[in-house]
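Here is how the chains run, residue by residue.
There are 2 protein chains.
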Amino acid sequence: MSRVFNFSAGPAALPESVLQRAQAECADFRGAGMSVMEMSHRGKIFMEVAEKAEQDLRRLLNVPDDYVVLFLQGGATGQFAAVPLNLQSGGQAMDYLDTGAWSGKAIKEAQKYGPVNIVASSQSHGYASIPDPSAWKLDPGAAYVHYTPNETIGGVEFHFVPETGNVPLVADMSSTILSRPIDVARYGVIYAGAQKNIGPAGLTVVIVRRDLMERKSAAVPAVVDYALQDKNESMYNTPPTFAWYLAGLVFEWLTEQGGLAGMAEINERKARKLYHFVDNSEFYRNPVEPSARSWMNVPFILADDALDGSFLKQAEDAGLSGLKGHRSVGGMRASIYNAVPEAAVDALIEFMADFEQRHA
Amino acid sequence: MSRVFNFSAGPAALPESVLQRAQAECADFRGAGMSVMEMSHRGKIFMEVAEKAEQDLRRLLNVPDDYVVLFLQGGATGQFAAVPLNLQSGGQAMDYLDTGAWSGKAIKEAQKYGPVNIVASSQSHGYASIPDPSAWKLDPGAAYVHYTPNETIGGVEFHFVPETGNVPLVADMSSTILSRPIDVARYGVIYAGAQKNIGPAGLTVVIVRRDLMERKSAAVPAVVDYALQDKNESMYNTPPTFAWYLAGLVFEWLTEQGGLAGMAEINERKARKLYHFVDNSEFYRNPVEPSARSWMNVPFILADDALDGSFLKQAEDAGLSGLKGHRSVGGMRASIYNAVPEAAVDALIEFMADFEQRHA
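Same order as they appear, the protein sequences are chains A and B.
Here UniProt numbering is used: the first residue of the first sequence is 1, the next is one more, and so on.
Here UniProt numbering is used: the first residue of the second sequence is 1, the next is one more, and so on.
Because the hints were derived from the structure by calculation, they are not lab data.
Be aware that one or more of the hints could be misleading.
Taking beta-carbon pairs under 10 Å as the criterion, some of the chain A residues facing chain B (in silico) [as the list claims (entries may be wrong)]:
(1) G10
(2) A22
(3) E38
(4) S40
(5) A76
(6) K112
(7) A201
(8) G202
(9) A222
(10) R327
(11) S328
(12) F351
What follows is a set of in silico ranges between Cβ atoms, one per label pair, in the way DEER data are often shown [as the list claims (entries may be wrong)]:
(13) B:I45 / A:E289: 34 to 40 Å
(14) B:D65 / A:D304: 34 to 40 Å
(15) B:Q92 / A:S291: 52 to 58 Å
(16) B:D183 / A:E268: 57 to 63 Å
(17) B:R269 / A:K313: 52 to 58 Å
(18) B:G126 / A:S17: 40 to 46 Å
(19) B:D66 / A:P64: 50 to 56 Å
(20) B:D183 / A:I118: 49 to 55 Å
(21) B:D65 / A:G330: 31 to 37 Å
(22) A:R358 / B:I45: 37 to 43 Å
(23) A:P64 / B:G259: 49 to 55 Å
Just so you know, even glycine gets a beta-carbon here, dropped at the ideal spot from N, CA and C.
Produce the complete structure using the sequences and hints provided.
Rendered as structure tokens:
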């Protein structure tokens, strides 16, 4: 089959040129006589790959010098435990914003390690909006404030950075990182599972303000100990070398696209088009409050959910893959990360219009 | 460059036919119109890949039905914390055998979570032998007994399975798993980082006797919670899908080689040849007691360490890569895992003989 348009929520589409390069280099890495998967992570060749990936990521995100960048394992879910274990101690409260499925999982995990204070919740609004900051109950003595800038399942996104005073802000950016420029200096910790905008599943990028690495409990597992991994350049244990290499190819591709300012322009246009189409249809509906709509994950429901099955089947046949909504919410979801081209959104809209005409 | 013989300790050589297949399928997975890296882990295609890999691994190792097989992240180092967190509680002692660098790291990590009892240590013998079981101080009330069947750095291997009565035996099999048949029923938990005999770095296989999954502390991070991951078929969080897929290709390759009985025959022959050559040389020396020598990692030192640099340089030039010993012990090390063909050992011996003749 020729290449499909892939709207999966994660693992998700990768840039086609990155895959082609990975394929060309798969068995013999740049004349080394072996695959990048077979190389020692401490050897000269891989160390250069790793270092270049970090430098490219730093340049893309404009990471200040007082932040470390770690390439770890365990995904965002691993960081749900790693964050409290690294940043909290002595019964200090941890502030969490509850805006959907993923912040809910982060909260549940943090509760294993200490007292969690729910700053605000949009649960009573069906997680379809962002709670108004004027009503947030921030604890000025909290170890940190955690939030989920983009809720992959609900399709809800913060279009502002929370103001937390001197309390470090921690963000699970798994589904929004690299989609536009951010001001890293506003954050204490940023973490992201790779499988949406960075690379293959199994890699986790963690960006930590250096002064926060002192504040940890005694029982943090070595593999997610920020200070230990920093000291060992993310190689205290063997890193996921292939995923790290592939992330580096994605960073090079992003640079070629004009960096994050370029991506932001494309991503905003893709999202705007799709929401515009949905809003102007009587047949499709997006449940999220307009000011909180995600650029990355666009859930939509059909007027008649009895048609869900044939929508998905016909979409697959038309080369539009991965549109099924998360099993916890149903309906449809188009994840339109960096590597999903604008042509995919155009094709989706065309298909949706045609389907509507035939079934409305 | 044509393909080299790769003696790296890990990440390590993969079977050439596996790499060729991965290359062929890299951009378009079996007609799906996308890479296996881009697929949802919960989609039909990847679920079949994942399930087949598990079944093939179960068949290769003859895993009994009352054991679960998990595909996790974090490597053996992640399991150094996961094992005590899953198996120990309430101040119960944990028995550890201290036989080298890797068991030492496991001990250090376990000490974060409870009292460690050192059953026996070969430290006073320079970690060049296995302590005599008649002198082991096992604690009959311990939560488990942990050991490292093969010490990758020291090149020391247990050629017997410790007898621990009713106390579950836990083994870090990272560098020996799949090198020969084992009796899984003798173990409580077996774990292994993938990057030696299984596949690419970033995947960890954990085999757990089902009844042991009840005995965990409250604070085990979800990503390494055996019971939770079992309930979710290793997909509580997004698994490292590409590494899992590639491990499946390695399992298919192993089956084609005649399974583990076939591998054992080849591996024993490879190791025997190399030790025989070293023992019959005045120029090279292996420091390990013969009864404890590893089939997988063969360290050797040159009569004059001033020649180390030119040995390594000339070996590289001859297409023999990754022979530098671990930085903590120096000298040389040939890791001869499953995917290192017998021809590689023959070529190494030929090179060593030639080097000796020119420099002895």
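For each hint, the structure was consulted:
The interface hint given for A:G10 holds, since its Cβ lies 7 Å from the closest Cβ of chain B, which is under the 10 Å cut-off. Nearest Cβ of chain B to the Cβ of A:A22: about 6 Å, under the 10 Å cut. The hint holds. Interface hint status for A:E38: upheld, as the beta-carbon distance to the closest one in chain B is roughly 5 Å, under 10 Å. Evaluation of the A:S40 hint against chain B yields a held restraint, the C-beta minimum of about 5 Å falling below 10 Å.
A least Cβ separation of about 8 Å between A:A76 and chain B falls short of the 10 Å threshold, and the interface hint therefore holds. Interface hint status for A:K112: upheld, as the beta-carbon distance to the closest one in chain B is roughly 5 Å, under 10 Å. The interface hint given for A:A201 holds, since its Cβ lies 5 Å from the closest Cβ of chain B, which is under the 10 Å cut-off. At about 3 Å, the closest approach between the beta carbon of A:G202 and any beta carbon in chain B falls short of 10 Å, and the interface hint on this residue holds.
Taking 10 Å as the C-beta cut-off, the interface hint given for A:A222 holds, the closest approach to chain B being about 6 Å. For A:R327, the interface hint holds, the least distance from its beta-carbon to any beta-carbon of chain B being 8 Å, beneath 10 Å. The beta carbon of A:S328 is not positioned within 10 Å of any beta carbon in chain B (closest approach about 12 Å), and the interface hint is therefore violated. A hinted interface residue such as A:F351 counts as satisfied when its beta carbon comes closer than 10 Å to some beta carbon of chain B; here the least separation is about 16 Å, so the hint is violated.
Look at B:I45 against A:E289: about 36 Å separates their beta carbons, and that is inside 34 to 40 Å. Look at B:D65 against A:D304: about 45 Å separates their beta carbons, and that is not inside 34 to 40 Å. Under the hint 52 to 58 Å, the C-beta atoms of B:Q92 and A:S291, about 53 Å apart, fit the expected range. Separated by about 60 Å at the C-beta atoms, B:D183 and A:E268 satisfy the suggested range of 57 to 63 Å.
At about 55 Å, the CB distance of B:R269 to A:K313 agrees with the hint of 52 to 58 Å. The supplied range of 40 to 46 Å is broken by B:G126 and A:S17, whose beta-carbon atoms lie about 52 Å from each other. In this structure, B:D66 and A:P64 meet the distance hint of 50 to 56 Å, their C-beta atoms being roughly 53 Å apart. Against the hinted window of 49 to 55 Å, the Cβ-Cβ separation of B:D183 and A:I118 comes to about 50 Å, which satisfies the hint.
For the pair B:D65 and A:G330, the beta carbons lie near 35 Å from each other, so the given range of 31 to 37 Å is met. Separation of A:R358 from B:I45 is about 28 Å and departs from the stated range, judged on CB atoms against 37 to 43 Å. Taking 49 to 55 Å as the suggested C-beta distance range, the pair A:P64 and B:G259 conforms, at roughly 54 Å.
Checked against the numbered hints given earlier, this structure breaks hints 11, 12, 14, 18, 22; the rest are met.
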